[in-house]
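Based on the provided sequences and hints, a complete structural model is requested.
If you're matching positions, the sequence shown starts at 1 in the working numbering and goes up one per residue.
Keep in mind the hints are simulated off the structure, nothing from the lab.
Keep in mind that the hints are not guaranteed to be accurate.
The list that follows gives simulated cross-link-like pairs (lysine-lysine, BS3-like), each with its CA atoms no further than 27 angstroms apart [said to hold, decoys possible]: (1) K86 with K43; (2) K96 with K86; (3) K96 with K64.
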Amino acid sequence: QVRLVESGGDLVQPGGSLRLSCTVSGITFSIYTMGWYRQIPGKERELVASISSGGRTTYADSVKGRVTISRENVKNTVYLQMSRLKPEDTAVYFCKASGTGINWWGQGTQVTVSS
Numbered sequence: 001q002v003r004l005v006e007s008g009g010d011l012v013q014p015g016g017s018l019r020l021s022c023t024v025s026g027i028t029f030s031i032y033t034m035g036w037y038r039q040i041p042g043k044e045r046e047l048v049a050s051i052s053s054g055g056r057t058t059y060a061d062s063v064k065g066r067v068t069i070s071r072e073n074v075k076n077t078v079y080l081q082m083s084r085l086k087p088e089d090t091a092v093y094f095c096k097a098s099g100t101g102i103n104w105w106g107q108g109t110q111v112t113v114s115s
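Rendered as structure tokens:
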């Protein structure tokens, strides 16, 4: 059974930092592209950042320079380090494992940026 478990979501003040983690089991983690997405109620889920099996990263324009995605294959874990957080970063953050013709999603973790 494939499981993706996100953690690290929290309430944080504007300008603050947060690190999200997503631990994966049930697949050979190292060969999959991993992505972080976020969703606000009433809006479509959007890509925040992704990292390929080879370590190539992509970022949404809205988070470039403030977010870093990384992976630790020995721990089957992908991270999203976020800094200089803004209220508009408030969302449920999901991780996704992508393979050829198949994807798996976690249940999400809530990030709220508010004073």
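These are the hints, each one checked on the structure:
1. K86 with K43: The given pair, whose Cα atoms are some 18 angstroms apart, holds under the 27 angstroms limit.
2. K96 with K86: holds, 23 angstroms
3. K96 with K64: Roughly 19 angstroms between the alpha carbons, so the hint for K96 and K64 holds.
Checked against the numbered hints above, the structure breaks none of them.
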